[in-house]
Amino acid sequence: MSVEADIGREVADLTAGRPAVVLKSSEFRRAREPGWHELERLVDAAERRGVRMLSPDELNRLPQLYRSALSSLSVARAIALDRHLLIYLENLALRAYLAIYSPRTGVVQAGGQFLRAFPAAVRAARWHVLIAFTAFMVGIAAGFWLTVQDESWFSTLVPGGLGGGRGPASTRASLLDDEIFAPWPGWAVSLGIVANFLFSHNTLVGIFAFCLGLAAGVPTILLIAYQGLILGAFLALHYDRGLTVEFLGWIAIHGVTEISAILLCGAAGLVIAQKMLFPDRYSRVDSLGMHGRQAAEIAVGAVLMLFVAAILEGGFRQLDASTPGRFAVAAATAIGWLAYINLVRPAGETR
Amino acid sequence: MTSADTAFPVLRRDWRKRREIVTPEGVPLTVELAELSERAIALILDLLICVLAAFVILFAFLYVAITGKLGAVLFFTVLNMVMFFLRVLYFIHFELSGRGATPGKRVAGVRVIDRRGGPLTASAVIARNLTRELEIFLPIGLLFSASSGARGPWGSLLLLGWVICFLALMIFNRDRMRAGDLIAGTLVIAMPRQRLLGDLSETRARFAFADSQLSAYGKHELQILEDLLRRPGDAETRELLRDVCDRIVRKIGWTEPLAPTDTALFLRDFYTAQRAFLEREQLFGRPRADKFDAARKREG
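Going line by line, the protein sequences match chains A and B.
Residue 1 is where the first sequence starts when you use my numbering, and the numbers rise one by one after that.
Residue 1001 is where the second sequence starts when you use my numbering, and the numbers rise one by one after that.
Since the hints were made in silico from the structure, they are not lab data.
Being a predicted model, the structure only gives us computed values, none of them experimental.
Derived pair list, reagent style SDA-like, types lysine to any residue, alpha-carbon separation capped at 25 Å:
1. 1297/B to 78/A
2. 1291/B to 1239/B
3. 24/A to 1198/B
4. 1017/B to 74/A
5. 1291/B to 1243/B
6. 1017/B to 288/A
7. 24/A to 1028/B
8. 24/A to 1287/B
9. 24/A to 1282/B
Just chain A, same shape as in the assembly:
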């Protein structure tokens, strides 16, 4: 437009009694508005149908438009006093940010990622696992020592529901027939054991050990040690009747998996306790947010291990009625878990 025409327009405005007003923020808005609308259209489509449904061209445009919207927002924050514009840009930038940075993983893929992350999380918590393991071993030793000396300790240490009729009154024959080499109860009961795994004693102990990490970890250690006490008492009961090896076979076939899982739950609880008690240079909530994920990975993995243990207990234990056979399965699971924990690395990480 020529200078003369400009002047001509101004003169016309003056004659109409309405002087022109120039707002920097309005000019800015006019220049950038088409880009915002284009981004808004793309984000709408992504929210409705998913980012994957955008065309390659649109996918190309999305991050460019997003970055230019971010820069618009920064400029608007500096120069504009139009509150609605700021709210709009903030909302648009947030929606675009979420469309771009959201995960696009399927359940299977996420499961795969998790199965790779779980061993790494456990390895990072090796000291916590060691503490839980030590507490458990101390428990076993104490339980065994007390019960061997005086079998009345058994009823003190083992809660009634868990004893299942076993106790100082049990004979060698009754332990062999009703417990260690009891006949397979049929598929309905086995299915019940597997299906009820989430509510079984050991899963609850594991979950409690994890949660009690929030109570500074001391209850976690006590709970783990108490589980050791119970196992020690059982061990002594069978030791007195010359059934040590048979009992170990009976417990080990699923116990290797189950006890490892409980110890891992305890270790996860201890990670939480440590990060809460010693948050380093972060706030406690931030510290928990950063490391809670690792603890949760361990606990979730442990729950999956408990499911495997329930299958072993419900399905295989009474079917495999020979002690060497049971030890073979136990050894196989132990080697399997150790190899898994030690060898599997997250994708992209090399040794």
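Based on the hints, put chain B in the right spot on chain A.
Quick look at chain B alone, frame taken from chain A:
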């Protein structure tokens, strides 16, 4: 209390709690936390969907149960397990699917994000959803599980206390986080959709104001005026506008005659001039937050 004062809470849109996240590009963005009611609605909807799906799957089991090969207790145990896996897979699938929200959450207009602005990872989503099991479903499941006889009333009370503890944690923390959000480092935010409305500033002004008249107000008053001008034009708004117009005329010492029909026009022109003035001042490093700040700047 004048009508302008009573109108103020209506004008304020910040009834939601706000938090700031920083994008990987380094720009801080404000997010609005989801209300507990919205989250409850989302959860109930999702559970309804899951229960329906579980029952469809379980018709086969139901058949076996009716024909007598499966006891009622075992039936509910198996139902419980199927529900567990279904629920977990459902929540994880949808929260990882790019929208960060299950169908229930989408209806309620909320979604899950990373608390610190990073990408939402698979393990965070898995962690927050399995913790929900622990917070709500495990105790409830225990209340109805096969071994309920062995627990006694104190056990049930303990379980109830367990649920209440976790609910209290959610209600009483600043960021409305569940234990699962706390551990996974996530937030649940509301996702309102904002449309771009027209610019209120005029390109041609009929009323002209002097700088001395415009220096009476600051940014706060300007944005209140903006909200007023954006209200739908009913009788109440017209009355409000007249009231505000009178106050402005008195405050800035406007002496020219002003017809009552020109109220809206006058206010829009005043808004435009005021915004132009304040934006210019801000650019020159003299921002005015509100009228008190403006008064200080005028004297100083």
